[in-house]
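Chains as they are written, first to last, in the numbering used here: chain A, 1 to 362; chain B, 1 to 290; chain C, 1 to 388.
Hint data in this document are derived by calculation from the structure and do not stem from the laboratory.
C-beta atoms are modelled at their ideal positions from N, C-alpha and C, and glycine is treated no differently.
There may be inaccurate statements among the hints.
[Claimed, not checked] Pairwise CB distance ranges, derived in the manner of DEER restraints:
#, chain 1, residue 1, chain 2, residue 2, range
1, B, Thr242, C, Gln299, 39 to 45 Å
2, B, Leu7, C, Ala351, 54 to 60 Å
3, B, Val162, A, Pro314, 45 to 51 Å
4, A, Thr326, B, Ala174, 35 to 41 Å
5, B, Val64, C, Lys245, 27 to 33 Å
6, C, Gln69, A, Val127, 25 to 31 Å
7, C, Ser326, B, Asp119, 38 to 44 Å
8, C, Thr282, A, Pro314, 38 to 44 Å
9, C, Gln69, A, Ser54, 45 to 51 Å
10, B, Leu7, A, Gly104, 43 to 49 Å
11, B, Val162, A, Val127, 55 to 61 Å
12, B, Leu168, A, Val127, 53 to 59 Å
13, A, Gly104, C, Asn286, 49 to 55 Å
One letter stands for each residue in the lines below.
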Amino acid sequence: MASEGAGNEGVAAGSVDVRNEVGALPDISRREAGGWLVPVAAALAIAALPLVLSPYGQDVVVRIAIYAIFALSLELLVGATGLVSLGHAAFLGIGAYVTVLASGDSGASLALLVPLAMGVAAAYAIVVGALSLRTRGVYFIMVTLAFAQMAYFVFHDTKVGGGSDGIFLYAKPVLAIGATTLLDLGQRVPFYYTVLTTLVATYAFIALLLGSRFGHALAGIRVNEQRMRAAGFSTTPYKLAAFTVAGALAGLAGLLLAVKDGAVNPELLSWHESGAVLLMLIFGGIGSLRGAVLGAIAFTLLKELFQSEALLGPLAGHWQLTLGLTIIAFVAALPRGLIGLGERVRGLMSGRAAHPAAGGSP
Amino acid sequence: MDTATFLVQCLNAVQYGLLLFLVASGLTLIFGIMGVINLAHGSFYMLGAYLAFALAPWFGDWFVTRLVVGVALAALFGYVLEWVFFSFLYERDHLQQVLLTYALILVFEELRSLAFGNDVHGVPAPEWLTGGFHLGGLMEYPWYRVFASAACLVVALALYAVVNRTRLGMMIRAGASNRDMVRGLGVDIRRLYRIVFAGGVALAALAGMVAAPLSSVYPGMGSSVLIICFVVVVIGGIGSITGALIASLLVGFVDTFGKVFFAEWSGVGVYVLMAIVLVWRPEGLMKRGF
Amino acid sequence: MRLLQIASSASVAALLAGSAFAQGASGPIKVGLMLPYSGTYAGLGNAIENGFKLYVQEQGGKLGGREIQYFKVDDESEPSKGTDNVNKLIKRDNVDVLVGTVHSGVALAMANAAKANNTLLVIPNAGADAITGPLCAANIVRSSFSNWQPGYAMGVVAGQKGVKRAMTITWAYAAGAESTKGFTEGLEKGGGKVVKDLTLPFPNVEFQALLTEIAAQKPDAVYAFFAGGGAVKFVKDYAAAGLNKTIPLYGPGFLTDGTLEAQGASAQSMLTTLHYADNLDTPKNNAFRKAYAITYKAQPDVYAVQGYDAAQILANGLKAVGGDLSKRDALTAAMRKTPVDSPRGKFTLSAAGNPVQDIYLRQVVGNNNELRAIAVKALADPARGCKL
Chain A
1 MASEGAGNEG VAAGSVDVRN EVGALPDISR REAGGWLVPV AAALAIAALP
51 LVLSPYGQDV VVRIAIYAIF ALSLELLVGA TGLVSLGHAA FLGIGAYVTV
101 LASGDSGASL ALLVPLAMGV AAAYAIVVGA LSLRTRGVYF IMVTLAFAQM
151 AYFVFHDTKV GGGSDGIFLY AKPVLAIGAT TLLDLGQRVP FYYTVLTTLV
201 ATYAFIALLL GSRFGHALAG IRVNEQRMRA AGFSTTPYKL AAFTVAGALA
251 GLAGLLLAVK DGAVNPELLS WHESGAVLLM LIFGGIGSLR GAVLGAIAFT
301 LLKELFQSEA LLGPLAGHWQ LTLGLTIIAF VAALPRGLIG LGERVRGLMS
351 GRAAHPAAGG SP
Chain B
1 MDTATFLVQC LNAVQYGLLL FLVASGLTLI FGIMGVINLA HGSFYMLGAY
51 LAFALAPWFG DWFVTRLVVG VALAALFGYV LEWVFFSFLY ERDHLQQVLL
101 TYALILVFEE LRSLAFGNDV HGVPAPEWLT GGFHLGGLME YPWYRVFASA
151 ACLVVALALY AVVNRTRLGM MIRAGASNRD MVRGLGVDIR RLYRIVFAGG
201 VALAALAGMV AAPLSSVYPG MGSSVLIICF VVVVIGGIGS ITGALIASLL
251 VGFVDTFGKV FFAEWSGVGV YVLMAIVLVW RPEGLMKRGF
Chain C
1 MRLLQIASSA SVAALLAGSA FAQGASGPIK VGLMLPYSGT YAGLGNAIEN
51 GFKLYVQEQG GKLGGREIQY FKVDDESEPS KGTDNVNKLI KRDNVDVLVG
101 TVHSGVALAM ANAAKANNTL LVIPNAGADA ITGPLCAANI VRSSFSNWQP
151 GYAMGVVAGQ KGVKRAMTIT WAYAAGAEST KGFTEGLEKG GGKVVKDLTL
201 PFPNVEFQAL LTEIAAQKPD AVYAFFAGGG AVKFVKDYAA AGLNKTIPLY
251 GPGFLTDGTL EAQGASAQSM LTTLHYADNL DTPKNNAFRK AYAITYKAQP
301 DVYAVQGYDA AQILANGLKA VGGDLSKRDA LTAAMRKTPV DSPRGKFTLS
351 AAGNPVQDIY LRQVVGNNNE LRAIAVKALA DPARGCKL
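Work out the full structure: start from the sequences and follow the hints.
Written as structure tokens, this is what we have:
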């Protein structure tokens, strides 16, 4: 059945079987094992990590957390709405560049940078979304990629950014009221906890959003858009809204990334970055917020592992090969990701036959 | 800009566009017939370029022979690749296809690195194509570029002939409109797919071989071509070869004249073109058909 | 799933719990080499490392009385990975000295990180003006050149040859822009001007449209900045378009260093400026070339010289403090103030940390860049924006 749809996709590009974008998905807002306890426990564990990790280790954790925010923003598009975007990195990059450009030589206040970064990213998302949503299926994937590439070229070729070398952030943002500094992101500890708080807030926000009427509308669109439209529902504004919110959140992740690295580079908008975040989602398991975070952790660690000369010796230089083969094996064998694996294990352990959680089938 | 320069820039644009067409036609064929989105298509272009580099010392000036051998090798590679890897992709959803073919790019890049290293290599044009013809005191237009355009044109015509005038082409067109019917009529659809895929790979590889002396061979050369090809396919319409030709030429002109008039914004120009087409005709210039 | 998450965090912690801290006055000196070992600049990275190690070998394997322990990171000439890569050396490997790199964009990331962490940095190639400009610092020194220097010298030479209208062409990145700016300044001093600057994105090598534009504008000369594979392609394409017969092509030495064999006939008789020439007939250069050829079975180029001098500058500092890295101020002062006896000729370092050196005019003959004259003597980079 799925192959039928996949074949027709190219023949009559107007046919809409959104399930063929991401396959059968579990209902993203259903209760997962442990409910709220598990994410809260995880957050506390991460908060306690600076006690045991070296500064380099904390750097890695912060990096993973920022990518988790990025992955969560895409989960809203892919997992919740069923829209596969191969150009999501554009919004990450735009948020990052806006942060650096607006900071100038003397730095800027967070109160300005956060709405600015998210706002500009959201603005580009509305434009790209409006144009891309005129297409379906594979066209949509290609068009989102192309628009990300356009943004890439703006920063890579023109004088808007610093060209292919990128630009540096010389003064990290602070949050101040009058003369008192409340939060200085240039310090390692405040920055660590700011990123952690943002991750928790993003997670909570998306979870709440998906449980709302808006989220249920998105679920309906993901499962069977034609049926929604037949029922008189205008689906495009919802899709566009999801696209824009996802873009804004990615912009926020971009701001944090710019502050962490102290530099931005056009490669942030490259399709390798867009591909990486999609991989994070599929590693973790599409259709699950925990999966998004898990996938970010798994992908980053995997990449570090494969590039580590200490552990792999000369093979580390050929990390693209090991990573590529791993991805193929993983996607082929575990299309439901780590979360899916967990469910199967849980199913086996509790004596039930393994079954894909099939909430939302027509 | 005087007439002579304008003419030369037009020649440049057409030459670039035709090369792009070769790669894009393979992509749109594979996509149109099999419904598989293949991010690794740029890697086939790179394969061709590196084949040109590798075969150069063996064939010396027998350039056309080298091309034929390279294309045959690439077609064989494509046939096997479809059998071993891509045939499993048809049942999968688009996201999985995207990720699996993306992983394939990583694997190909690394294999390339192991086989040829990471340096930039030049590939010399054959002796009988060096030099150029004088364009009225302006400059010399290299013969090799003329050859490249001519080769692409010949292949385009051959493609048209095969698709529209042969039995194979008939089966291809039928399989594109209604796969099950074709299967029901007793055609071995799997073999058909394998042939189409091998053909797509061969086209991309040929483009790479022809382009190698013009652009040198370097790591990552497949990625830049791939995305432009996506734009071409979106503008031209998926599955349409004529659309791919028109779109490729459009892109060639926008890119070449953009470089001259808009310098730093030239890279963006192609995407602006795509955006305009999307507003006007979301399914591409030529909706369906060949 | 939580188990997996916690387990992976634990293994991360184990992996990254930090290696031994940098030594102050005893034990080996940790030198972090961040160079391109892959990609278009790979040959340059290897040459620099060879030159560096040759000097250390000539000192008996020790600098300032201490052994050298090398750490290597391949920067792939990717500015986007620059910050991450240099942090591996600074924070994971805890190196005492950073040496790198070729690409200016990556070097900027290194300079920023070195400033933030107060790590010693010796730059054996990247000529970004900003590094000895607004980014200058006591702990950062360069053994090579600033992008402005060879460009300016070539501009002066072009002016002397009577060039009135020139065009420049290069990749759109910092090094290209700074080099052409230097050329423009030098040319304007001689009464000429640059009528158009052409650029294309790095590392694109499709020059056809731009060569056509050059042919249409008919300037008196063209100044091009490319290096590595791009340099080979450009010079060949320029000749293929027949332009080398009518419009002289000038460039900094990078256009023809290490590339002559590939360029062959298309590069013959080209004039370039650089702070080095292969056939400099001085005792120091002859000894250096001989030692390099014996050790590495290859001919050295300007990049090897820069690597060699990087080690020399570091050694000068270490000698002054007896190998004690904790005496940082004395160390960096000695690195700046000691004249360097280089195969390129003796040179000194400016307050901003850049070599003040002779720039030579060379001409391509066969597979060599032969010395013709000294284009500008003791040229110092203006170090605009440096507060040292």
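Hints and how they fare:
At roughly 55 Å, the beta carbons of Thr242/B and Gln299/C sit outside the given window of 39 to 45 Å. Taking the beta carbon of each, Leu7/B and Ala351/C are about 55 Å apart, inside 54 to 60 Å as hinted. Range check, Val162/B to Pro314/A: Cβ separation about 47 Å, and the 45 to 51 Å hint holds. A beta carbon spacing of about 39 Å between Thr326/A and Ala174/B agrees with the range 35 to 41 Å that was offered as a hint.
Restraint check, Val64/B to Lys245/C: a C-beta distance of roughly 30 Å satisfies the suggested window 27 to 33 Å. In this structure the supplied range 25 to 31 Å is violated for Gln69/C paired with Val127/A, their Cβ-Cβ distance being about 53 Å. For the pair Ser326/C and Asp119/B, the supplied restraint of 38 to 44 Å holds, since their beta-carbon distance comes to about 42 Å. Checked against the hint of 38 to 44 Å, the C-beta distance between Thr282/C and Pro314/A comes to roughly 41 Å, which is consistent with it.
Range check, Gln69/C to Ser54/A: Cβ separation about 20 Å, and the 45 to 51 Å hint is violated. The hinted range of 43 to 49 Å is satisfied by Leu7/B and Gly104/A, whose Cβ atoms lie roughly 47 Å apart. For Val162/B and Val127/A, the Cβ-Cβ distance of about 41 Å falls outside the hinted range of 55 to 61 Å, so the restraint is violated. For Leu168/B and Val127/A, the hinted distance range of 53 to 59 Å is not satisfied, since their beta carbons lie about 44 Å from each other.
For Gly104/A and Asn286/C, the Cβ-Cβ distance of about 52 Å falls inside the hinted range of 49 to 55 Å, so the restraint holds.
Hints 1, 6, 9, 11 and 12, counting from the list given before, are not met by this structure.
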